[in-house]
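**Student:** The hints should help you fit chain B onto chain A, whose structure is shown.
Below are the chains, spelled out letter by letter.
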Amino acid sequence: MSEAPVAPPSVSADPAAADGIGLLVRPPRPRAGWRLLPARVGAMCVVELQKLRHDRTELYTRAVQPALWLLIFGQTFTRIRAIPTGGTPYIDFMAPGIIAQSAMFIAIFYGIQIIWERDAGVLNKLLVTPTPRSALVTGKAFAAGVKSLIQAVVVVVIAALLGVALTWNPLRLLGVAAAVILGSAFFSCLSMTIAGIVLSRDRLMGIGQAITMPLFFGSNALYPVAVMPGWLQAVSKANPLSYQVDALRGLLLGTPAHLGADFAVLVLAAAAGITAASALLGRLAR
Amino acid sequence: MTGDPADTTTATEAAHDSTGPTAARDGSAAQPGGPDAVACAGLVYAFGGTNAVDGLDLTVRPGEVFGLLGPNGAGKTTAIRCVTTLLPVPAGMVRVFGRDPADDRMAVRRLLGYVPQQLSADAALTGRENVTLFARVFDVPRRERAARVAQALAAVDLTEAADRLAKTYSGGMVRRLELAQALVSAPRLLILDEPTIGLDPIARTGVWEHINAVRTATGMTVLVTTHYMDEADQYCDRVGLMHRGRVRALGTPAELRHGLGERRRAEGGPADGAPPTLEDVFRDVAGSGLDDSSGDFRDVRSTRRTAQRVG
Chain A
740 MSEAPVAPPS VSADPAAADG IGLLVRPPRP RAGWRLLPAR VGAMCVVELQ
790 KLRHDRTELY TRAVQPALWL LIFGQTFTRI RAIPTGGTPY IDFMAPGIIA
840 QSAMFIAIFY GIQIIWERDA GVLNKLLVTP TPRSALVTGK AFAAGVKSLI
890 QAVVVVVIAA LLGVALTWNP LRLLGVAAAV ILGSAFFSCL SMTIAGIVLS
940 RDRLMGIGQA ITMPLFFGSN ALYPVAVMPG WLQAVSKANP LSYQVDALRG
990 LLLGTPAHLG ADFAVLVLAA AAGITAASAL LGRLAR
Chain B
44 MTGDPADTTT ATEAAHDSTG PTAARDGSAA QPGGPDAVAC AGLVYAFGGT
94 NAVDGLDLTV RPGEVFGLLG PNGAGKTTAI RCVTTLLPVP AGMVRVFGRD
144 PADDRMAVRR LLGYVPQQLS ADAALTGREN VTLFARVFDV PRRERAARVA
194 QALAAVDLTE AADRLAKTYS GGMVRRLELA QALVSAPRLL ILDEPTIGLD
244 PIARTGVWEH INAVRTATGM TVLVTTHYMD EADQYCDRVG LMHRGRVRAL
294 GTPAELRHGL GERRRAEGGP ADGAPPTLED VFRDVAGSGL DDSSGDFRDV
344 RSTRRTAQRV G
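Chains as they are written, first to last, in our numbering: chain A, 740 to 1025; chain B, 44 to 354.
Pulled out of the complex, with its shape left as it was, chain A reads as follows (with noise of 0.2 Å):
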């Protein structure tokens, strides 16, 4: 447990608000429509990183696996040379893909902590907000895509660090942040529909193990498509990691991609998550 007594500066309103129940009488006036997604985005984002802030102790332990694929896979077959990369270094060719996984294993865990919010009652009481299941289910998404992200500049940095020549340019970091958000978007609505559907959290801990792998084998991230057999390129093609892991790539490392399709194949299929976890969301408030 973390001891945090940490006094937020901002919120330390004066004395004199403190007495009386004056502004409990008065409602809030609603906001206007459109102005409602960003703000409950916003919410959820806060909370987020609140939590990280209280608690660092998952940045860290999450930060060994990424490490060790860098300083043990990477620097291997860096000297094995037995994966064609197009001249790039194959530790560099493979940290983009290590930031996606990274980013993905995250997010796709997502759903148990939907699971365990409605067992503890938070999710029918964020129910019962003038919250649309939509708003609260992209809040959730790009709150995921919070904590992937910042789990991406651990990454960065250690990749940094084992002298991958990735870009500072930050226009380029800018597209990558937008890259990892949108992934761990589409990756937590995939946790959130499946938890949905299997509403336990042992059976969802259970398909997550189960697909966690194949997705990520079964894109770029460790190997170009082209080595790949033509039925493992027809899963990279369809799989979204795959999509992120090209735009990583071009923008970190400069290599040819296809950052237009890239990005528009991320927000659809972000689109389509939130889309699908949405309709399943009133499944877990019964």
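Hints in this document: simulated from the structure, not taken from any laboratory. Errors might be hidden in some of the hints.
The calculated lysine to aspartate or glutamate pairs, modelled on DMTMM-like cross-linking and capped at a C-alpha distance of 20 Å, are [what the hints assert, rightly or not]:
1. B:210 x A:941
2. A:790 x A:858
3. A:790 x A:856
4. A:790 x B:206
5. B:210 x A:787
6. B:210 x A:797
7. B:210 x A:794
8. B:210 x B:200
9. B:210 x B:243
10. B:210 x A:858
Predicted model only: the values in this text are computed from it and were never measured.
**Tutor:** Below, chain B alone, put in the same frame as chain A:
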């Protein structure tokens, strides 16, 4: 406006006619001030083959503390979930201050403060962060957010503990924190599902004192479910005894107790016996068979879990 699948509920139209004469039974003579805080008529909700709520008629008047009583599995929580828009209303009528939760769910939610049975504060956030989240999702503007959150925390005596993580709170403190979360949006109807379950007697009194103080100060309506008859007797203006999905007796606690006492005397019962308690009224209403119908495995498990977490 939303993607909610439940928005497509169509059964409510037809159900308006099935209101029946019983709806006005308990005097839905609304106060001149406006419509009833809650009005249900002929509400039915089935899980699988069993009707958890089976023709519920209920009226909660503006400004009162109304206790919905009954054993586990009586249908209290299901009824509450229909009122709070969490469940669709398949048959029957539900109104919250005259609005239909099926067509106007966002408007209904803005009138409600809801504290579910489970301990629903987020243990990984501080008390202040927990309340601020609800200020945000109820669209409290940024300039008054901090002050409003501070007032809500002060109203439940959590100012000192506000910046500690909620996982360090005692059960009674978590309940008070949840009360603050519900109060920050200035609801007109506060709905509390088993607010004192699993708490020790001192914490129970504390929670009720805060509910009462806030009610007095704001004039909000309170709908509370409990299976502690003593609490209902002490703190509720009116109670409805619910059994097998329906309200079986309704009135002020004193009316119900006296009613049973009178009847026992008329039937020639022991004149020197102790005056009946609300629990006696309940046994009288529910009759036999109370034990084997009180809650299925899942109900009892979730109740126990809550009690355990309150510790």
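**Student:** Determine which of the earlier numbered hints do not hold for this structure and return their numbers in increasing order.
**Tutor:** Of the numbered hints, just 1 does not hold.
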